[in-house]
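For the sequence shown, UniProt numbering gives the first residue as 1, with consecutive numbering after it.
None of these hints come from the bench; they were simulated from the model.
One thing to keep in mind: the hints can contain errors.
Stated by the list, open to error - Calculated cross-link-like contacts (lysine-lysine; reagent style DSSO-like; alpha-carbon spacing at most 30 Å):
| # | residue 1 | residue 2 |
| --- | --- | --- |
| 1 | K79 | K268 |
| 2 | K276 | K289 |
| 3 | K200 | K168 |
| 4 | K42 | K200 |
| 5 | K168 | K99 |
| 6 | K99 | K42 |
| 7 | K289 | K79 |
| 8 | K289 | K200 |
| 9 | K168 | K270 |
| 10 | K42 | K270 |
| 11 | K79 | K99 |
| 12 | K168 | K276 |
| 13 | K289 | K270 |
| 14 | K289 | K42 |
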Amino acid sequence: MVTFSIIIPNYNGIAFLGPCIDSILAQEFQDFEIILVDNASKDRSVSFVRVTYPDVQIIMNHQNRGYAGGCNDGARVAKGDFFLFLNTDTTLHPQFLIKIHEGISEYPNYGMYAPKMLYPDGRINSTGICFSLSGAAWDRGMGEEDTGQYNNSEDILGPCGGAAVFRKETFFDAGEFDDDFFLFMEDVDLVFRVQCAGWKCRYIPDAVVFHHHGGTAGVDSDITIYYGNRNILWYPVKVFPLWLLLLSMPWIIGRTIGIIIYYTFHGKGKIAIQSKWDALRGLFLMVKKRRYISHAHFQISSIRHCFFGFAFNNKRFL
């Protein structure tokens, strides 16, 4: 057994894999394994890692299973007590694992741990997940200068999927990532289910990750617009407690109309409409999955940092 299984789902991420893996190998805490899950990349990702980092375990998928499916594939073979899911376009501070391990020791009954994620220029990328009643989800503090405003450890809803630590027991207890989400909002869906299962998340600000954000999928690409806006309709229907879902419905409908108008004026109306149409077609599946989720342990305190109002997004229109 090892303490950490570091799982990196990859699709054509060769430009980022070297710095990412180098930062892992440079950790002062060395009790870990690295698992690269390649989602049928068309670049030389697999051969590069195999030659340059022979100790990295590689899982080769014959099709792109997305971030959700790739993470699940890695978790199913992982030996660690804790899973660290990493985007390829991340690098870890050398003391990252030490600080996470200290946080785990201080808060041993928690199921999730969220680091402080920074852009390469030092601005904040994420200090945990937030959402609004419209279904829009974003990263707390995203784009702000890091002046110490998020330097206190505290309970939050959950970690950003770009660098998220889950206790192994918690991850499987909550039902893993949902493969149907493929990409985007899969982290929001999972952290809600973890909270519903009675586990909490602790924010560990001394554990620092640098994240390019959108390095592989692209920030405004069609794939980002499609999956982001499809899944924004799916996850509330699947995981919101009934009172929160009913409260959210007017905001969700309003945001859906607003998204289509916005992207139509920006030349992306077709992909936005397709995302919402496919979301509607998949709602019955989400309702079916909802029946297997108990909200008995969900605590409103877990969403106290989130915005109860109408918002497309506090930083961007996703």
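*Between K42 and K270, is the straight-line Cα distance small enough, at 30 Å or below?*
Within the cut-off at roughly 27 Å; holds.
*asked:* Does K270 sit within 30 Å of K289, going by the straight-line distance between their CA atoms?
replied: With a Cα-Cα distance of about 29 Å, the restraint between K289 and K270 holds, given a limit of 30 Å.
*Could you grab the alpha-carbon distance between K79 and K99 and see if it respects the 30 Å cut-off?*
21 Å, holds
*CA of K99 to CA of K42, is that 30 Å or under?*
Distance of about 36 Å is beyond 30 Å: violated.
_K168 paired with K276 [C-alpha distance capped at 30 Å]_ = 34 Å, violated
*Hey, K42 versus K200, does the alpha-carbon distance stay inside 30 Å?*
38 Å, violated
*asked:* With the threshold set at 30 Å, check whether the alpha-carbon distance from K79 to K268 stays at or below it.
replied: 43 Å, violated
*Hey, K276 versus K289, does the alpha-carbon distance stay inside 30 Å?*
Judged against 30 Å, a Cα distance of about 19 Å means the pair holds.
*Taking 30 Å as the top limit, are the C-alpha atoms of K289 and K42 close enough?*
33 Å, violated
*asked:* Run the distance test for K168 versus K270: straight-line Cα separation, threshold 30 Å.
replied: The hint is violated at about 40 Å.
*Taking only the CA atoms, is the gap from K200 to K168 under or equal to 30 Å?*
The given pair, whose Cα atoms are some 14 Å apart, holds under the 30 Å limit.
*Keeping to a limit of 30 Å between CA atoms, is the pair of K168 and K99 held or broken?*
Between K168 and K99 the Cα gap is close to 18 Å, so the pair holds against 30 Å.
Against the hints set out earlier in the document, violations occur for numbers 1, 4, 6, 9, 12, 14.
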